[in-house]
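> Chains as they are written, first to last, in numbering that gives the first Met the number 0: chain A, 0 to 95; chain B, 0 to 351; chain C, 0 to 472.
I should point out that these hints are in silico values taken from the structure, not numbers from a laboratory.
Only a predicted model underlies this, so the values are computations on that prediction, with no experimental measurement involved.
It is possible that some hints are incorrect.
Stated by the list, open to error - Below, computed lysine-lysine pairings styled on PhoX-like, alpha-carbon distance capped at 25 Å:
no.: 1; chain 1: C; residue 1: 431; chain 2: A; residue 2: 2
no.: 2; chain 1: B; residue 1: 141; chain 2: C; residue 2: 429
no.: 3; chain 1: C; residue 1: 429; chain 2: A; residue 2: 2
no.: 4; chain 1: B; residue 1: 152; chain 2: B; residue 2: 14
no.: 5; chain 1: B; residue 1: 334; chain 2: B; residue 2: 43
no.: 6; chain 1: C; residue 1: 151; chain 2: B; residue 2: 141
no.: 7; chain 1: B; residue 1: 43; chain 2: C; residue 2: 174
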Amino acid sequence: MFKLAPNHQNDIVRTSKVSFTFDGKSLLAHEGESLAAALIRAKLLHLSDAPADGAPRGVFCCMGLCQECVVQVGGKTIESCRLPVSQDLQVISLRR
Amino acid sequence: MGCASALQMAEGSMKSIVLDQGDLGQGASGVNAGTLSLQIKRVKLMPYAIRGHQEWESMGDAVGFRKTGGYTLAFTDHEAELLHERMSLKAEAGAPIEFVSNSVLTKAEPHLADRVVAASYCAEDGYANSSLTGQFYRARLKQQGVQHREGFKVLGIEACNDGYVIRSASTTVRARKLLLSTGAWLKSLAALMDVDLPLQARINTVSVTQRLPMLTRSVIGHATGLLTMKQKANGTLLIGGGWQGRGTPEQGRGQVDARSLRSNLALARHVLPAIENAQILRSWTGFEANVPDFYPLAGKLPGYEDVFILGCVRGGYTIGPYIGKLMGDYILERKTELPLFDPGRNFVEVLA
Amino acid sequence: MITDTDIAVIGAGPAGCNAALIAAEYDFSVVMLDEQASPGGQVWREKSPAILHAPETPESVAGESIRNAISQSNVSHLSGVRVWHIERSIDAFIIHYESAGVSISLNCRCLIIATGAREYVQPIPGWTLPGVVGMAGATSIFKQDLIPMGSKMVVSGTGPLAFFVAAEQQRLGGKVAAVLTSNTFLDWMKALPAMILRPGLLFRGLRWITALYVNRIPIYWGHTVTRVEGECSVSRVEFKKIGKDWSPQGEPSFIDCDCVSLGGGLISAFESFQLAGISLEHRRDLGGWIPKAEQDGRTNVGGCFVCGDGAGIRGSLAAQTHGKLAGLSAVVFLGAEINHPIDELRREHTRAASFGEAMSKLSIPRPGLSKLTTAQTVVCRCEGITRAEIEDEINLGAQSMTSVKSGVRAGMGPCGGKFCQTAITEFIAKAKSCPVSEIVPPTARPPLRPVSVNTLAGDFDYSDLPISKPSPL
Chain A
0 MFKLAPNHQN DIVRTSKVSF TFDGKSLLAH EGESLAAALI RAKLLHLSDA PADGAPRGVF
60 CCMGLCQECV VQVGGKTIES CRLPVSQDLQ VISLRR
Chain B
0 MGCASALQMA EGSMKSIVLD QGDLGQGASG VNAGTLSLQI KRVKLMPYAI RGHQEWESMG
60 DAVGFRKTGG YTLAFTDHEA ELLHERMSLK AEAGAPIEFV SNSVLTKAEP HLADRVVAAS
120 YCAEDGYANS SLTGQFYRAR LKQQGVQHRE GFKVLGIEAC NDGYVIRSAS TTVRARKLLL
180 STGAWLKSLA ALMDVDLPLQ ARINTVSVTQ RLPMLTRSVI GHATGLLTMK QKANGTLLIG
240 GGWQGRGTPE QGRGQVDARS LRSNLALARH VLPAIENAQI LRSWTGFEAN VPDFYPLAGK
300 LPGYEDVFIL GCVRGGYTIG PYIGKLMGDY ILERKTELPL FDPGRNFVEV LA
Chain C
0 MITDTDIAVI GAGPAGCNAA LIAAEYDFSV VMLDEQASPG GQVWREKSPA ILHAPETPES
60 VAGESIRNAI SQSNVSHLSG VRVWHIERSI DAFIIHYESA GVSISLNCRC LIIATGAREY
120 VQPIPGWTLP GVVGMAGATS IFKQDLIPMG SKMVVSGTGP LAFFVAAEQQ RLGGKVAAVL
180 TSNTFLDWMK ALPAMILRPG LLFRGLRWIT ALYVNRIPIY WGHTVTRVEG ECSVSRVEFK
240 KIGKDWSPQG EPSFIDCDCV SLGGGLISAF ESFQLAGISL EHRRDLGGWI PKAEQDGRTN
300 VGGCFVCGDG AGIRGSLAAQ THGKLAGLSA VVFLGAEINH PIDELRREHT RAASFGEAMS
360 KLSIPRPGLS KLTTAQTVVC RCEGITRAEI EDEINLGAQS MTSVKSGVRA GMGPCGGKFC
420 QTAITEFIAK AKSCPVSEIV PPTARPPLRP VSVNTLAGDF DYSDLPISKP SPL
């Protein structure tokens, strides 16, 4: 049936959820989705603080360029838009 | 150097115009690591370096000057020998350099690798923010009423009845005297005046990290000279050491050589292990020119009475603001506080 | 591990994949490097592993097709790697890339750069707030993770992307509060001749717009968001009508929302070209600074070819053919005889490009756009430098991007100037009363993406330090 503005939200099948932590807070996400998506869904938008004025920053370009969604995992810095969530992933934000 | 000379000349009421093929202070100073260390200066140039430091100190906050003190480290017995030999001579030449024990070093710089065999320290060492060089001199030139043109690439120089005509692609400038202070581009510029300078250009690499928690407060050097590190107030770490990139001044900017860069960073990590996960944001090169004896060219261009040349200083970033003043005085026909270096000399390399 | 190859292709979007595929049909080794886990680039970005099943879209179908083609071909696809430097030696190129925390070098005789585009967002007050995303950025998340962004989104920008973002936000279960487009009906009418050549896309676009009307989502033609407000994240936007020159006019209106998607068109990701030594030229109608190149991808650097949106924003259809042309140019460079119909491909490319170019025209910046950036607006996001600080530096005599960068640090942060350089260039050009084409981009500096010290330093043995002659004492 031709739908002018389809809503496919319920037609999407995802992997089961896994738990991960973000600054110690336990969260759930579908295994393999990007950390950025998981945090957006959890409405955790404030990911870092601007160096100059400490203003809140978050996901912006969504393609690994702006560096404002970067987090630390195991001491290494990585963009959350490029990091797939896995079970027990421990993420530390760069918020002060 | 050109700007410092022009400012000195202005003080002596000699009018000058400063021409740069690019942006002021970007040819070399602006891409320098910014290290101000007496420990890496040549013995004979020490008096110039000490006064150079004083110049930078007087420029102060406007150039982000910081007197942090500096350590030079040796990690092997051979390096320790080298360190002792060379630093002793430099101390004799007037630099306040002393040798420090590992315990003193560790207290001052707790994050350095604990593999240091010997270390020297100079309280006068520090750094400036090299990126601010252009902005600083632009303001000073304006303040002193000295004209300047950026983006003026000299294509030709012709003698005329009262001096010289300097030609760019779109315009000309006339002057009675000339000061050539184009650093690595001196060879091609002097060639326009039929002078062949035995000038070579090294392609030094500098890298900068993201902002990091404070790991070091001093300027860190290496006995071999192959490493300089300093952490700025904003947390970024600048890593240098003269690792060579590729390219020539005639081709524009040099290229970063990946293998060279990697060795540079490996040495930095060896000295400051805490940077292992730090992100390198940018690497670039800058040209450093020298003549065969590695002493400055500062005086009259061979064969000319009213054309001067200043460059290839060896430690040009540090010494530049001072020797620029000397050059200004020389052109004003005043006695210079310290002797200059005749560009017409016999360039036989003297083995240390 | 591959250390040498005949042809290296950087970028696995429509252009890169097509270049790699066609070159692999001839007897050459082809390695294709890309940041993402699968081929597709931005336009055909693959779904994350979290998506087990989802309804098809034209992009997912095209993406699957190219992914299958690559996997069945002889192309060696290095996925999830980040190229950080490109060096040139006498008759070869060396590509340095990071793979799983290790830096690896690849030598190639021929290099095809298909690094695509990124988006341009005009800095406005509040654009740095969490919840503000680019339009192309929003589509990345949509394609990869299939989630709506925020519960109530305002879309504001130029070109067809604004409608695509709104449509996808709804399709994935989110709400759209309003669509603001800088373009007017008249702008779109001017693009009609080109759109008629692609009836499928025209129909799709009309469908998006109709759906918005049917769902009573307001479309504000000739309007733009002028300010984003919120404490820790977006809570509402201010918007205004804009004039023909895109200057904001009249009284502001407001819309509550928790997500704002902004976009002013695509621009080439030109840093790779610079590192490879390719000259750039400024083409306002193709996204700004692009490599100087022939239609077949040849550049001033022998053996180095360009294709796709990186070579000028002409859209994904043109990118596919462009990739084929560049792939064939590489093959010819290496001395092979080709049996593909070049002339036909050229004509195909020209036809395909006309649609993409018409779309790009909708995003050509107009003089009033710059007015959206107030004096206090942060322009360099990384370092928090405002327009006022930048213009002060320009008024003190800084005449180039390099000068501004050196004086106030704008462009020295982690993104390397990717999101501020375009706007700053316009400020300088305005101050100097000269065309933007005279304010050249600064020298490109590696790494192309931030790389860790460990990755670059690798396994270092102190005894490997060169014991060179000590410097003159």
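> Compare the structure with each hint and give your call.
Here is what the structure says about each hint:
no.: 1; hint: C/431 - A/2; result: 53 Å, violated
no.: 2; hint: B/141 - C/429; result: 22 Å, holds
no.: 3; hint: C/429 - A/2; result: 48 Å, violated
no.: 4; hint: B/152 - B/14; result: 21 Å, holds
no.: 5; hint: B/334 - B/43; result: 20 Å, holds
no.: 6; hint: C/151 - B/141; result: 53 Å, violated
no.: 7; hint: B/43 - C/174; result: 74 Å, violated
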